[in-house]
Amino acid sequence: MSVLIYAESHKGHFRKAALEAVTYGKKVADLLGVECAALTLGKVENAGDLGEYGAAKVFNVESVGDFDSQTYTLAIISIAQFTGANVIVMSNTATGKSLAGRVAVRMNAGLVSGATALPTMDGGVFKVKKSVFSGKAVADYEITSANKVISVTGNAIVPEKSGAAAVAVQPLNIEVPASRVRVKSIKTSEGIVPLPEAELVVSAGRGMKDPANWGIIEDLATALGATTACSRPVADAHWRPHYEHVGQTGVAIRPNLYIAAGISGAIQHLAGVNNSKVIVVINSDPEAPFFKAADYGVVGDLFQIIPKLTEAVKKYKSA
Amino acid sequence: MKILVCVSKTPETTAKISFNSENTEFSAAGVTFIMNPYDEWYALVRALELAKATSGTVTLISVGGIDVEPVMRKGLALDANDGVRIDAQPVSSMFTAFQIAEYALSQKYDIIFTGKETIDYNGSEVGAMIAEYMNVPFISYATKLEISGNTAMLERDIEGGAEELEVDLPFVVSAAKGMAEQRIASMMGIMKAKSKPIQVLAPQPFNNPVHVDRFILPKTKAGVKYVAADNMDELVRLLHEEAKVI
Ligand SMILES: Cc1cc2nc3c(=O)[nH]c(=O)nc-3n(C[C@H](O)[C@H](O)[C@H](O)COP(=O)(O)OP(=O)(O)OC[C@H]3O[C@@H](n4cnc5c(N)ncnc54)[C@H](O)[C@@H]3O)c2cc1C
Ligand SMILES: Nc1ncnc2c1ncn2[C@@H]1O[C@H](COP(=O)(O)O)[C@@H](O)[C@H]1O
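Protein sequence lines correspond, in order, to chains A and B. Count along the first sequence from 1, then add 8; that gives the number in my numbering. Count along the second sequence from 1, then add 20; that gives the number in my numbering.
Worth flagging that the hints you see were computed from the coordinates, not collected in a lab. If you're wondering where the values come from, they're calculated on a predicted model, not measured in any experiment. Positions of the beta carbon are idealized from the N, C-alpha and C atoms, including for glycine. Hints are not guaranteed to be accurate.
[Stated by the list, open to error] Only pairs whose alpha carbons sit at most 27 Å apart, straight line, appear in this in silico DSSO-like list of lysine-lysine:
#: 1; chain 1: A; residue 1: 300; chain 2: B; residue 2: 245
#: 2; chain 1: A; residue 1: 135; chain 2: A; residue 2: 285
#: 3; chain 1: B; residue 1: 264; chain 2: A; residue 2: 325
#: 4; chain 1: A; residue 1: 19; chain 2: A; residue 2: 169
#: 5; chain 1: B; residue 1: 264; chain 2: A; residue 2: 316
#: 6; chain 1: A; residue 1: 169; chain 2: A; residue 2: 135
#: 7; chain 1: B; residue 1: 36; chain 2: A; residue 2: 300
#: 8; chain 1: B; residue 1: 245; chain 2: A; residue 2: 325
#: 9; chain 1: B; residue 1: 22; chain 2: B; residue 2: 72
#: 10; chain 1: A; residue 1: 285; chain 2: B; residue 2: 239
#: 11; chain 1: A; residue 1: 323; chain 2: B; residue 2: 245
#: 12; chain 1: B; residue 1: 245; chain 2: A; residue 2: 322
#: 13; chain 1: A; residue 1: 195; chain 2: A; residue 2: 51
#: 14; chain 1: A; residue 1: 35; chain 2: B; residue 2: 164
#: 15; chain 1: A; residue 1: 285; chain 2: A; residue 2: 325
#: 16; chain 1: A; residue 1: 316; chain 2: B; residue 2: 245
#: 17; chain 1: A; residue 1: 285; chain 2: B; residue 2: 241
#: 18; chain 1: B; residue 1: 264; chain 2: A; residue 2: 192
#: 19; chain 1: B; residue 1: 264; chain 2: A; residue 2: 323
#: 20; chain 1: A; residue 1: 217; chain 2: A; residue 2: 300
[Unchecked claim] A few chain B residues that don't get close to chain A, going by computed Cβ distances all over 10 Å:
#: 21; residue: 21
#: 22; residue: 22
#: 23; residue: 90
#: 24; residue: 112
#: 25; residue: 123
#: 26; residue: 127
#: 27; residue: 204
#: 28; residue: 216
#: 29; residue: 218
#: 30; residue: 219
#: 31; residue: 224
Input sequences plus hints: build the corresponding full structure.
Below, the structure written as structure tokens:
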């Protein structure tokens, strides 16, 4: 019995999600009193650093090719067999969502995807919590199978160095069958923290009136180091890219700070953002439903308020 | 082209979420159910477009009791050809995926569509599981899908960007926003749907490895603290000193 963490990498580097998964996996291993190892796939720089986050061993299979959930699953399963792992931990990212279900089927394992807290063990009963009904409730799942797969939702745990040192990476070779998937291109916007990972988010809605007005939102986001988001009608009208759309039918997020300007706070919007630690609502309508879900509210014209807030943030940052 | 679309029912998006007194079951009393939006708006519509372009067919499949039939009829009204219902409560994603795969393996589908996720259990699990049971590729969160011969060209969402890829048929794909535009059923479609066949099949035995032990409703917020519109320094101070988020 042991825990195996699949630590995903992008262009050879780990993002926060991978460090969260390792931190989580290490804590699961401690809970079960077993060892934990991490697996990296493809060419990865400084993979041994995962040792600092608690991985007692770090394995790497370099020759896996482009991302294909089928071949990556085979790689994870092979290493799980090799290490005798019965608990697999990964991130609940686009990659994790393509893999977790496959790995669970292969291992006959109960899966909880998008775990929001560490598991609990009570009289041999293993339970994991996740958010359900688009954030309107939490479900505590019991996994009854010996094998278990957990994917960890973004910002559910803070990456934590356990005090251990980096370890030597152990390269492994496995037979990976030819893939039926051919990746043609990968386009990512550099320098912007993806929404599910973002700790600070500035979001705007139809109250902005026109896409040309978004400069003030971007200025505020830049001043804060935040990622921008938007309500659904704004994305539907192509005022903003669709990946910025948060809510029940968009991205669900749980940042530390969510600033919503010119968004009314419809139930479907709240569903995707109500797990934010702190919500600030800026709206000219004092009756806007969003104020009921807010921690801080500012009633007034966002075109006046946002630039002032940006100035105040800049002042605070330079102080 | 022969296409299978997995459809599920979910509470309508404004439904009040509450549970029985033991917090073990969702209280469905008074709740309106709809077709899961991702299944309807994106998966089904793109499947219908592809079937039309290739003179193919679209079959709907749902794992559920008789109460999912209204949702399936809606899909048939949008123009799907027929439906298959596995007559069992979808007790877990793995159970659901296993039942769908068992059925699909007995047929020859070129593409199996799922929605990106269900808006009730938010698993995003079923698609990948079906693909593994069937040993075929799985493409998650696809926002574009074009077919040319035996190959599909897809675009899918990844963190902070998009990936373009090619995959050979058959495969499972989960559909996200961008894949198609929501449609409204025509009067004619609704009439025709009434007489389209829904085949009802018994589930295959399956050992379920996971279940919900208990639901928990979130704590309500303490209440909003208002800050004057001309005092943004105060808001920044509160975010720093009180909320400690910046
Ligand atoms: C099935 C379904 C799923 C949905 N999923 C989502 C989802 O995932 N995400 C989502 O966001 N929505 C979703 N919606 C849509 C949702 O119901 C609302 O229609 C939408 O969130 C409203 O967007 P909004 O707040 O930007 O616009 P509005 O509701 O039009 O609100 C604009 C707000 O701006 C304020 N305002 C106007 N001018 C100013 C100003 N100068 N200064 C300050 N404030 C100003 C107004 O007072 C108002 O409150 C869904 C709907 C359905 C039916
Ligand atoms: N009971 C079900 N019957 C048929 N398809 C389902 C069922 N539950 C989920 N699905 C499909 O799987 C997708 C992902 O669901 P989930 O893994 O629950 O988020 C949905 O969008 C549906 O296409």
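Structure-based check of each hint:
Note on residue 300/A and residue 245/B: the hinted pairing holds, with a Cα-Cα distance of about 10 Å set against a maximum of 27 Å. Between residue 135/A and residue 285/A the CA atoms are separated by roughly 24 Å; this keeps the pair inside 27 Å, and the hint holds. Restraint check for residue 264/B and residue 325/A: satisfied, since their Cα atoms lie roughly 14 Å apart, inside the 27 Å limit. A threshold of 27 Å between alpha carbons decides the hint, and for residue 19/A with residue 169/A the separation of about 23 Å falls inside it, so the pair holds.
A C-alpha spacing of about 20 Å is found between residue 264/B and residue 316/A, which places the hinted pair at or below 27 Å, so the restraint holds. Of the supplied pair hints, the one linking residue 169/A and residue 135/A holds, its CA atoms being roughly 25 Å apart against a limit of 27 Å. Distance check on the hinted pair: residue 36/B and residue 300/A sit about 16 Å apart at the alpha-carbon level, within 27 Å; holds. With a C-alpha separation of about 23 Å, the suggested pair residue 245/B and residue 325/A falls inside the 27 Å cut-off, and the hint holds.
Restraint check: the Cα-Cα separation between residue 22/B and residue 72/B comes to about 11 Å, which is no more than 27 Å; the hinted pair holds. A C-alpha spacing of about 12 Å is found between residue 285/A and residue 239/B, which places the hinted pair at or below 27 Å, so the restraint holds. Between the alpha carbons of residue 323/A and residue 245/B the distance comes to roughly 22 Å, so the proposed pair stays at or under 27 Å and holds. For a cut-off of 27 Å, the pair hint linking residue 245/B to residue 322/A stands: about 23 Å separates their Cα positions.
A hinted pair counts as satisfied when its Cα atoms are at most 27 Å apart, and residue 195/A with residue 51/A qualifies at roughly 19 Å. A threshold of 27 Å between alpha carbons decides the hint, and for residue 35/A with residue 164/B the separation of about 39 Å lies outside it, so the pair is violated. The hinted pair formed by residue 285/A and residue 325/A meets the criterion: a straight-line CA distance of about 21 Å does not exceed 27 Å. A hinted pair counts as satisfied when its Cα atoms are at most 27 Å apart, and residue 316/A with residue 245/B qualifies at roughly 19 Å.
With a C-alpha separation of about 10 Å, the suggested pair residue 285/A and residue 241/B falls inside the 27 Å cut-off, and the hint holds. Straight-line distance between C-alpha atoms of residue 264/B and residue 192/A comes to about 43 Å, which puts the hinted pair past the 27 Å bound. For the proposed pair residue 264/B and residue 323/A, the alpha carbon gap of about 17 Å is at most 27 Å, so the pair holds. Restraint check: the Cα-Cα separation between residue 217/A and residue 300/A comes to about 23 Å, which is no more than 27 Å; the hinted pair holds.
Distance check for residue 21/B against chain A: the nearest CB is about 18 Å away, which clears 10 Å, and the non-interface claim stands. Once the 10 Å rule is applied to beta carbons, residue 22/B is consistent with being away from chain A; the minimum gap is 18 Å. The Cβ of residue 90/B sits about 21 Å from the closest Cβ of chain A, beyond the 10 Å cut-off, so the non-interface label holds. For residue 112/B, the non-interface assignment is contradicted: its Cβ lies about 8 Å from the closest Cβ of chain A, within the 10 Å cut-off.
With a closest Cβ-Cβ approach of about 16 Å to chain A, residue 123/B is found to remain outside the 10 Å limit, as its non-interface label requires. No beta-carbon of chain A is positioned within 10 Å of the beta-carbon of residue 127/B; the least distance is around 20 Å. Under the 10 Å C-beta cut-off, the non-interface status given to residue 204/B relative to chain A holds; the minimum distance is some 16 Å. Look at residue 216/B: its CB is around 27 Å from the nearest CB on chain A, clear of 10 Å, so calling it non-interface holds up.
Every CB of chain A lies more than 10 Å from the CB of residue 218/B, the least distance being 27 Å, so the non-interface label holds. Annotated as non-interface, residue 219/B keeps its C-beta farther than 10 Å from every C-beta of chain A; the closest such distance is 25 Å. Taking the minimum C-beta to C-beta distance to chain A, about 15 Å, the non-interface status of residue 224/B holds against the 10 Å cut.
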